[in-house]
Amino acid sequence: MNTKILNAREAVRLLVEAHPEILQDAWCPTLFGGDRMSCCDEAAIVEINGKVVALATLAPEGEMNEGVPTIVGLYTIRAERRRGYGKAVLEATIRRGIARGFQKIRVDVLTTKAMQTIHALPQELQDVLIVNDQTMFGFLD
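The opening position of the sequence shown corresponds to residue 1 in the numbering used here, with each subsequent residue numbered one higher.
Heads up, a few of these hints could be off.
[To be verified] Simulated pairs of lysine to aspartate or glutamate, EDC-like, Cα-Cα distance not exceeding 16 Å:
#1 LYS51 x GLU10
#2 LYS87 x GLU63
#3 LYS113 x GLU80
[As the list claims (entries may be wrong)] Pairwise CB distance ranges, derived in the manner of DEER restraints:
#4 PRO20 x LYS104: 33 to 39 Å
#5 THR135 x GLY50: 20 to 26 Å
#6 ASP41 x GLU124: 21 to 27 Å
#7 LYS113 x VAL16: 19 to 25 Å
Think of the hints as simulated: they come from the structure by calculation, not from any bench.
Even for Gly, the Cβ is constructed at its ideal location relative to N, Cα and C.
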């Protein structure tokens, strides 16, 4: 499965263009709304048939510019879930952060599925992550 690194805003624009229905998804404003994208400079994407189906965004200075690189958004189109695309973009984003010299990368985890994806990563990538578990025992699933 091929991933690409793009400008974060461009990646989100391409995702919404290809799948305008995501604007109705309750997670869309949480992951991409307001000023959340202002801190992100890059995103890893997976494309299927020329359309973005999954992405993960990276904020090099963190979401609140606290100085800790952070994966801000991880999203896969609902119809394309359970195919490994989320894991692929998460892995690509972590590897990109490592290539940029980030020793640690924070990720705030909101769902148990996202936590399962993190646990499925190779151990060397898990070791780079600072995982902030906000799953509330599956309440947000």
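Among all the numbered hints in the text so far, which are the ones the structure does not match?
2 and 5
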